[in-house]
Amino acid sequence: MEHKREDRGSQGPRTGDIEAPPRIAEAFLRWTLPRGATGESVKGDLDQEYRELQVSAPGRSYRGWYLGEAIKLGLVYGIGRRVSVRGREALWRPRRRRDPLGSLSGEIRLGSRRPSGTASTSLSVGIRTFGESRMTSLAQDARYAVREIRGAFRFYAFAALIIGLGVGANTAVFSVMSPIMLRPLPFEDPEELVWVARREAGGMSSVTSRVSNLRDFRAMNESFEALTGYNAFFEQRSYNLAGDGLPERLAGVDVAEDFLDVLGVRPLIGRNFVAEESIWDGRPAVILTHGFWTRRFGGDPGIVGRSISLNDQPTEVVGILPATFDFGSIFTPGARVDLLRPFPISDETDRMGNTLAMIGRLKPGASVASAQADLDLIVSQLQDADPDRWGLGAVVLGLQDQISGRFRPAMLFLAAAAGAVMLVACANLSNLLLARGSKR
Amino acid sequence: MSRSFVGEFEQMVLLAVLQQGDSAFGLEVRREIEKSANRKVSRSAFYTTVDRLVKKRYLEWTEESPRDPYRTATVRKFSVTPSGMNALRASQRALKALARGLDQLLEEA
Numbered sequence: 001m002e003h004k005r006e007d008r009g010s011q012g013p014r015t016g017d018i019e020a021p022p023r024i025a026e027a028f029l030r031w032t033l034p035r036g037a038t039g040e041s042v043k044g045d046l047d048q049e050y051r052e053l054q055v056s057a058p059g060r061s062y063r064g065w066y067l068g069e070a071i072k073l074g075l076v077y078g079i080g081r082r083v084s085v086r087g088r089e090a091l092w093r094p095r096r097r098r099d100p101l102g103s104l105s106g107e108i109r110l111g112s113r114r115p116s117g118t119a120s121t122s123l124s125v126g127i128r129t130f131g132e133s134r135m136t137s138l139a140q141d142a143r144y145a146v147r148e149i150r151g152a153f154r155f156y157a158f159a160a161l162i163i164g165l166g167v168g169a170n171t172a173v174f175s176v177m178s179p180i181m182l183r184p185l186p187f188e189d190p191e192e193l194v195w196v197a198r199r200e201a202g203g204m205s206s207v208t209s210r211v212s213n214l215r216d217f218r219a220m221n222e223s224f225e226a227l228t229g230y231n232a233f234f235e236q237r238s239y240n241l242a243g244d245g246l247p248e249r250l251a252g253v254d255v256a257e258d259f260l261d262v263l264g265v266r267p268l269i270g271r272n273f274v275a276e277e278s279i280w281d282g283r284p285a286v287i288l289t290h291g292f293w294t295r296r297f298g299g300d301p302g303i304v305g306r307s308i309s310l311n312d313q314p315t316e317v318v319g320i321l322p323a324t325f326d327f328g329s330i331f332t333p334g335a336r337v338d339l340l341r342p343f344p345i346s347d348e349t350d351r352m353g354n355t356l357a358m359i360g361r362l363k364p365g366a367s368v369a370s371a372q373a374d375l376d377l378i379v380s381q382l383q384d385a386d387p388d389r390w391g392l393g394a395v396v397l398g399l400q401d402q403i404s405g406r407f408r409p410a411m412l413f414l415a416a417a418a419g420a421v422m423l424v425a426c427a428n429l430s431n432l433l434l435a436r437g438s439k440r
Numbered sequence: 001m002s003r004s005f006v007g008e009f010e011q012m013v014l015l016a017v018l019q020q021g022d023s024a025f026g027l028e029v030r031r032e033i034e035k036s037a038n039r040k041v042s043r044s045a046f047y048t049t050v051d052r053l054v055k056k057r058y059l060e061w062t063e064e065s066p067r068d069p070y071r072t073a074t075v076r077k078f079s080v081t082p083s084g085m086n087a088l089r090a091s092q093r094a095l096k097a098l099a100r101g102l103d104q105l106l107e108e109a
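In order, the protein sequence lines correspond to chains A and B.
Position 312, counted from 1, in the first sequence is what the working numbering calls 312; the numbers after and before it change by one each time, with no gaps.
Position 105, counted from 1, in the second sequence is what the working numbering calls 105; the numbers after and before it change by one each time, with no gaps.
For reference, chain A alone in the conformation it holds in the complex (with noise of 0.2 angstroms):
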């Protein structure tokens, strides 16, 4: 073996060139590691171990190799040997022995820390610490739970799914909850934020808005900073994604192009739609949720401004959401959306009928009602304007309300259901856990 040292030290390992430990390793081996040679010896092979991996394959990391190490060896002396169930007992009954001196000390007899070499002090080891004994016992509760689990592997993989499904029900509707009704919508003041539905209640093409209503609202209005909207009916259309990668349908929200901005949301990566691109027969263009942008491209941020085939037009891509803004989860729970669209604000829009959800940013010290008064005004006024005039009208709403309150009863429902779900599992549970411990 004196060779294999001598052509180790010939490779010449540049210590410059050697990756050190992870630290989080190398304080587990302290915590865990018996003191003296023996821990000392132990991390030392171990390390020397890693030293040579290096060196014998430079250019790669082994600190996930080291780190695993060093846990077995942590299990191995922290938890498994250090003491016995013998000494763990003798932990907490110290016995009285006289010492050479010939003073009474209380000692604590830990059979498996005799003396264990020529070079080894004496290991009569007086008192654990508290990270050692928790440790141990952590350890044999492990051990302990791995071998009832071993013993009657079925029963525990039933428990298992019970509680995976009570807990994955739940988890479910908390996570579709939590962004509707639970967190404040993430944008910016949304206390400011309103829904402008043309009628109180009803079908979506009963709250949704003409175009040309958007436009004379935003030239009339006194109370609102800026109005916006999105085509309610999205759904309704779909984007072939051809190129790279295999096709793919994918599901697309037409936008107003100042949408963003009243909402106070800016892209992640690239910019916001252009007023070329906000025109009827406009420069396509799109922005990519979040979500598609990682799922599909890896989150390369090189795939702006360049050009993906939808719906075999050429369209570039301008701008990646932010992953705080999930247009789905917000105003279309259920729905899935993967890239924003410009939808212009214009005649032939106008023509497809009530199709805009139409949002507003109050002025400051607007508020709701005098909106709401604003609004009626105006839409007072188009009327007598025009009497023939179709589809006019204007409810005010705070947008958290609305977006909530559409969604509130489905959602505590929802949540309901998932609780007894919780309960119907945990009864379960219970009664498997009498039935067995009857049959033992």
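Quick caveat, the hints were computed from the structure, so don't treat them as lab data.
Careful, some of the hints might be misleading.
[As the list claims (entries may be wrong)] Partial chain A-side listing against chain B, Cβ under 7 angstroms, derived:
# : residue
1 : 35
2 : 37
3 : 41
4 : 44
5 : 48
6 : 52
[Unchecked claim] Straight-line Cα separation of at most 30 angstroms, BS3-like style, residue types lysine-lysine; simulated pairs:
# : chain 1 : residue 1 : chain 2 : residue 2
7 : B       : 40        : B       : 96
8 : A       : 43        : B       : 55
9 : A       : 72        : B       : 40
Virtual Cβ for every residue (Gly too), placed ideally from N, Cα, C.
Following the hints, complete the assembly by docking chain B onto the known chain A.
For chain B alone, kept in the frame of chain A given last:
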């Protein structure tokens, strides 16, 4: 004598220590077993066995300065104690006695 037997892996450790002689350091002993037995030896199993043999007083160690120039930590040089040699001999004798007359069968296997 009957209580002096050592297990299979313990025998391997003791034999590897003997094979290594003056170079019977932890890492080298483990590598000797891996090379000779042609099997992967987990670090945990190795140190567990070594410590058990030390506890049984079949193995002892002395603290030495590392020979590897890049190693700063202490190394333990192991050696087999007389009682360790006795246990090893007893185990080897028992194995040989049990295998007596089975040479052909064992070779075929």
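A quick look at each hint next to the structure:
Checking residue 35 of chain A against chain B: minimum C-beta separation of about 12 angstroms lies over 7 angstroms; hint violated. A cut of 7 angstroms between beta carbons decides the hint on residue 37 of chain A: the least distance to chain B is about 5 angstroms, and the hint holds. Hint status for residue 41 of chain A: holds, given a least beta-carbon distance of 4 angstroms to chain B, under 7 angstroms. Annotation: residue 44 of chain A was flagged as interfacial toward chain B, and the flag holds, the nearest CB pair being 3 angstroms apart, inside 7 angstroms.
This hint holds: residue 48 of chain A has a C-beta 5 angstroms from the nearest C-beta of chain B, less than the 7 angstroms allowed. Interface restraint check for residue 52 of chain A: the shortest CB-CB distance to chain B comes to about 9 angstroms, outside 7 angstroms, so the restraint is violated. Between the alpha carbons of residue 40 of chain B and residue 96 of chain B the distance comes to roughly 26 angstroms, so the proposed pair stays at or under 30 angstroms and holds. The straight-line distance between the Cα atoms of residue 43 of chain A and residue 55 of chain B is roughly 20 angstroms, inside the 30 angstroms bound, and the hint therefore holds.
A hinted pair counts as satisfied when its Cα atoms are at most 30 angstroms apart, and residue 72 of chain A with residue 40 of chain B qualifies at roughly 15 angstroms.
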